[in-house]
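Asks: For reference, the chains in residue letters:
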Amino acid sequence: MNKLNADTARRIGLSVAAPVLAVALSVVITSIVLASAGNDPVETFTQMIEYAQEPRTTTLIINAAVTYYFAALAVAFGFRMNLFNIGVDGQYRLAALLAAAVGGAVELPKVLHVGLILLVAVIVGGLWAAVAGLLKVYRGISEVITTIMLNSITTALIAYLLTADKLAVQVEGSNNIGTPEIPASGRVGGIDLVPDSKLQVYGLIVLAAIVGFLYWFVIERSRFGFDLRATGRNEEAAVASGVNVKRMVLISMAISGGIAGLVGMPQLLGASYTYSLDFPAGIGFTGIAIALLGRNTAIGVAIGALLFGFLDTSSQILDLEGVPKEIVLITQGVIVLSVVIAYELVRRYRIVAQQREVGRQLSSAAGSEDSKPQGAQA
Amino acid sequence: MSTTLEETPLEKKAPLLGLSKPWRMALYAFAGLVVLSLIRVITGANDLTSAGTVNAAVMLAVPIGLAGLGGLWSERAGVVNIGLEGMMILGSFGAGWIGWQHGAWAGVLMAIAFGVIGGLVHAVATVTFGVDHVVSGVAINILGLGATQYLAGELLADSPGGGETQSPPNSGLPKPSIPGLSGLLEPLESKHWFLLSDIAGILRGLFTNVSLLTIVAILLVVLTYVLLWQTPFGLRLRSVGEDPHAAESLGVKVRLYKYYAVAVSGGLAGLAGGFLAIVASNLYREGQTGGRGYIGLAAMIFGNWRPGGLMMGAGLFGYTDAMQLRNAVAVHALLLVVFALLLGLTVLNLYRRRWISAGVGLVFAVLSLIWYLNTDELPGPITTMTPYVTTLLVLSLAAQSLRMPKASGQVYRPEGK
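Protein chains in written order, with this note's numbering: chain A, 1 to 378; chain B, 1 to 417.
One should not assume that every hint holds.
As the list claims (entries may be wrong) - Now the stretches of chain B that chain A is said to cover, found in silico as 3 or more residues with beta-carbon under 8 angstroms:
no. : stretch
1   : 124-131
2   : 292-304
3   : 369-375
4   : 378-384
As the list claims (entries may be wrong) - Computed spacing ranges between beta-carbons, pair by pair:
no. : chain 1 : residue 1 : chain 2 : residue 2 : range
5   : A       : Ile-12    : B       : Arg-255   : 57 to 65 angstroms
6   : B       : Leu-227   : A       : Arg-347   : 33 to 41 angstroms
7   : B       : Pro-414   : A       : Gly-359   : 27 to 35 angstroms
8   : A       : Glu-220   : B       : Val-216   : 28 to 36 angstroms
9   : B       : Pro-414   : A       : Ala-209   : 39 to 47 angstroms
10  : B       : Leu-227   : A       : Leu-214   : 28 to 36 angstroms
11  : B       : Gly-380   : A       : Gly-322   : 54 to 62 angstroms
Hints were generated in silico from the structure; no laboratory data involved.
Ideal placement from N, C-alpha and C gives every residue a C-beta, glycine not left out.
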């Protein structure tokens with residue numbers, strides 16, 4: 001019994017070791033880069049951490065994380081099935097544009113209005129991703145290529161649609177152009193989560209939590225999730241057990257796109273109420289990094305989203321101190337790379353430990369018989 | 001050798017008119033030219049085959065082609081390289097940073113060196129540590145962007161004429177032309193005769209103001225073909241990408257070859273970035289690569305992981321992109337080209353008795369004809385889609401016959417580890 005506990009403790013220790021190792025490594029490398037350009041690493045990090053503790057910044061970090069969380073979950077859902085949805089970026093932008101246009105055009109009771117906007121976003125994102133799914137299933141084109149192309153096509157499509165005679169109107173008091181503002185009934189109010197902050201946390205953080213839970217439930221606890229993971233791990237075995245892979249690819253791609261459709265929603269319903277030319281872009285790519293960092297699990301991705309939210313938001317202070325804030329991009333890149341390297345090292349350590357263990361048991365059981373450990377390949 | 005690495009055709013087709021492959025390709029190319037010329041004459045969109053378009057197309061195709069060539073080296077050794085974009089960014093920065101201080105050639109070398117560094121990071125992660133290739137590539141894209149933006153803030157901010165987001169201009173490279181050719185062909189081109197003027201325009205576009213780096217790029221494609229398909233080194237490298245364990249059993253140092261391939265891949269991607277900062281423009285600018293690394297990857301897949309096909313893919317991108325930048329009327333005429341192309345494919349599919357493909361092709365052909373007839377010009381943003389839509393279209397028509405290196409993207413672990 002005691003030994004079992006020790007084993008569990010070691011297993012937990014090992015699985016925590018990897019991310020901690022990775023973050024530590026990335027801090028070290030970032031420090032080296034900072035120091036080599038004559039900046040004081042300790043002071044730089046201290047400034048960032050202090051800045052992050054201001055109530056306003058904390059709120060901004062959480063808000064950034066909410067948005068990132070949707071993007072990362074969308075990517076992660078695809079990853080679970082070995083689908084690489086690079087197209088999250090295009091999917092959420094198109095979804096946000098059309099959802100904003102619909103939301104700004106109708107007048108409905110509160111719940112219905114918000115529901116309609118979210119529904120439009122999910123459907124548009126899902127359908128746009130399904131294009132890539134269809135091309136993969138029926139024409140055999142890698143989703144990596146199609147989603148990259150669809151991203152570029154989206155950019156052009158939005159430029160086409162976001163003009164004065166199509167979906168957009170002039171934004172008052174500026175030369176910006178955007179969809180008509182969503183009326184109050186379609187907005188989602190903020191939550192006072194951080195004490196002493198004038199800013200509020202996006203109300204859609206609740207939706208993020210729900211989607212996170214559903215993600216976990218569907219992937220880990222449902223028949224569909226089992227098929228999905230099976231297909232991702234070993235397609236041939238999945239086929240043999242009766243999984244319709246084509247259908248799975250299409251559905252997973254659509255779901256991934258549907259989640260992607262939600263990425264723009266916190267911003268749209270909680271802050272800007274319109275899709276204008278300066279609507280944030282590029283979050284899909286951040287989502288890829290966070291999904292990788294969080295190992296495609298609901299909890300891991302949440303932590304990753306907070307970490308990236310912290311780095312992105314609190315780095316704003318650095319420019320005032322004369323350190324290029326792009327340093328955090330280096331930190332982020334190193335984290336992504338080192339976290340997977342760390343997992344690999346831990347995996348190898350486990351195998352060696354396992355082999356040693358098996359070897360010891362065999363030699364004590366079989367006495368003098370010389371037996372080699374087998375089957376420890378993972 | 002028990003393993004043969006010859007490409008096996010997926011389906012045996014009766015060769016058209018009994019011609020061998022090079023002749024068949026030449027025939028296709030000529031047929032394409034005739035169609036293009038015909039459409040030019042019908043629509044009057046002379047930019048379809050003008051020297052200016054062709055010249056611009058080459059300029060736009062080279063960085064995509066070089067990036068794709070980088071992808072080809074890496075994937076042929078079994079390592080997927082999504083990080084091409086990041087390596088390109090590194091290359092463009094290296095060229096911009098060194099280019100204005102020590103001349104364009106030094107900039108080119110620095111671009112390659114920076115790219116190789118990116119490649120080596122990718123190799124360490126994927127080959128030594130067995131990290132998932134896509135993960136590492138994504139990380140390198142982030143790192144490349146971050147490193148250059150950070151370095152630009154530190155190294156270029158105070159430079160004369162430069163700033164945090166761009167380098168001072170460099171002197172560029174010479175762009176020689178074949179002497180006398182332009183004078184000879186220009187009158188012919190301006191007559192707008194059927195076929196003859198088109199050939200004149202294309203030749204003039206190809207052989208005037210050719211940057212030395214363009215020539216280098218074309219030589220690199222040839223060199224890649226010779227090295228990878230005609231030498232023992234190439235056979236070993238490709239065997240690593242097809243079946244690393246078989247290669248290992250034959251004494252090939254799998255990891256070493258993967259390192260070679262990924263380093264070369266990075267160097268080529270870096271050179272692609274350098275081309276942008278030295279030939280396509282004369283300075284490094286933030287965001288200059290604009291996703292061309294990804295497009296290069298698409299061009300490589302389009303080209304079926306082969307140098308020749310890759311050149312065609314890059315050429316297609318360059319051509320539609322050039323058209324889109326130069327002339328909206330010409331893009332409109334492209335709709336008619338698409339119609340002709342699809343119609344041709346439909347006929348081919350009918351001949352081969354592939355009814356469904358023929359039907360789908362016909363529907364799209366009719367749609368593009370209707371679109372063409374009912375509009376005079378395409379709206380600006382729609383024309384910017386051209387290269388991407390074309391790629392999707394061509395890939396959806398051709399993807400079935402593509403075959404990637406068998407072990408591409410798989411993490412290789414030596415026996416017993």
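Asks: Please write out, lowest number first, the hints stated earlier that are contradicted by the structure.
Replies: 3, 5, 7, 8, 10 and 11
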